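Peer 1: Protein chains in written order, with our numbering: chain A, 1 to 109; chain B, 1 to 246.
Hints listed in this document are in silico derivations from the structure and should not be mistaken for laboratory results.
Predicted model, so just to flag it, every value in this text is computed and none were measured.
Reference excerpt, derived from the structure (chain B facing chain A, CB under 10 Å, subset only):
(1) Gly-39
(2) Leu-40
(3) Leu-62
(4) Ile-198
(5) Thr-227
Glycine residues also receive a C-beta, built at the ideal position from the N, C-alpha and C atoms.
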Amino acid sequence: MNTFDQTSLWIVIIGMALGSFALRFAFIGFMGGRKMPDWLMRHLRYTAVAILPALVTPLVVWPSPTGGETSLPHLAVAALTFAVGYLTRNVLWALLSGVCGFLLLFLLG
Amino acid sequence: MAITTTKSLFLRGLIDSLPFLLVASPFGLLFGVLAAEAGLNVLEALAFSLAVFAGAAQFTALQLLQENTPLLIVLTSALAVNLRMGMYSASLTPYLGDAPMWQRACAAYMTVDQSYALSIVKFEDEPEMTTSQRMAYFFGTTSVIAPSWMIATVIGAWVGAQIPASWGLDFVLPLAFLAMIGPMLRTPAHMVACFVAIVASLPATLMPHNLGLIVAGLAGMMAGAQTELWLERAAARSNAEQETAP
Chain A
1 MNTFDQTSLW IVIIGMALGS FALRFAFIGF MGGRKMPDWL MRHLRYTAVA
51 ILPALVTPLV VWPSPTGGET SLPHLAVAAL TFAVGYLTRN VLWALLSGVC
101 GFLLLFLLG
Chain B
1 MAITTTKSLF LRGLIDSLPF LLVASPFGLL FGVLAAEAGL NVLEALAFSL
51 AVFAGAAQFT ALQLLQENTP LLIVLTSALA VNLRMGMYSA SLTPYLGDAP
101 MWQRACAAYM TVDQSYALSI VKFEDEPEMT TSQRMAYFFG TTSVIAPSWM
151 IATVIGAWVG AQIPASWGLD FVLPLAFLAM IGPMLRTPAH MVACFVAIVA
201 SLPATLMPHN LGLIVAGLAG MMAGAQTELW LERAAARSNA EQETAP
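With these hints in hand, go ahead and build the complete structure from the sequences.
Peer 2: Following this line, the structure appears as structure tokens:
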């Protein structure tokens, strides 16, 4: 299922390496003690909690193992993983429940 | 009272970071497995982890690459997931900004969720630490995590290459993300951002080239920021009312 070519892969790896480093270095390297504008910080606080759900939702609603057809068991395993993460505040328990749920899907499906 | 030398602070950071191994290793393993499923060889998977060293962004890029997304959107989305590193960097600057440039450059590379979370608490608790002591602690927190992330990736990629694609392992990727999202939702504003992003993401899939991801993400960010403002204003109003009440 290698649908992308080597060149694309390496462009992404190198681009991400440079981009990630720039993000991490920008402030500590150049900004010194100056403060960022409040409105910007306020939006940045919500990048991860917005982008990740936006990425995940279509993958859960139209899961690839069923060929993109909405499936109740897949939705249930996804809901379980999320709920365990939210309730326990622990990524590891959540991931473990998710993997167990996935194994169940695999064995039953 | 213990003597806080630079060396002992490095060790302190190292020990404090050990519990995080339990989180970093499985995710590194999973990244390796999914990278192998996506057609990357062990070397490519390792290069990915070494060069980028940011779990969530690596998973994002891997998923989008497989959907034949234009490279500009792959990069924008993955870096958007990594924007929080910019925030971390900004908030560490008052504590580490005086260190020599080469140390700051190394620290920038090593800025991940774990090293940030541990260090910022330590630096706030012990304001008398010097910059070099802070750096020692900071490097301590990543000196085990970073190599184990790389090793886990290699093992994962090697194992993943033996797993047939028919197992449908790609569904583990959204599950891994869901596991990360739950613990991030600490305030009502986080929940609003998450909810708006979810609702927006479904119709947004109609947009070409996975552009909808960025649109839905921005919608969530604006919703979160706006909610934070409203809640702050509401709190300020109710405080003011209480003070003026007879």
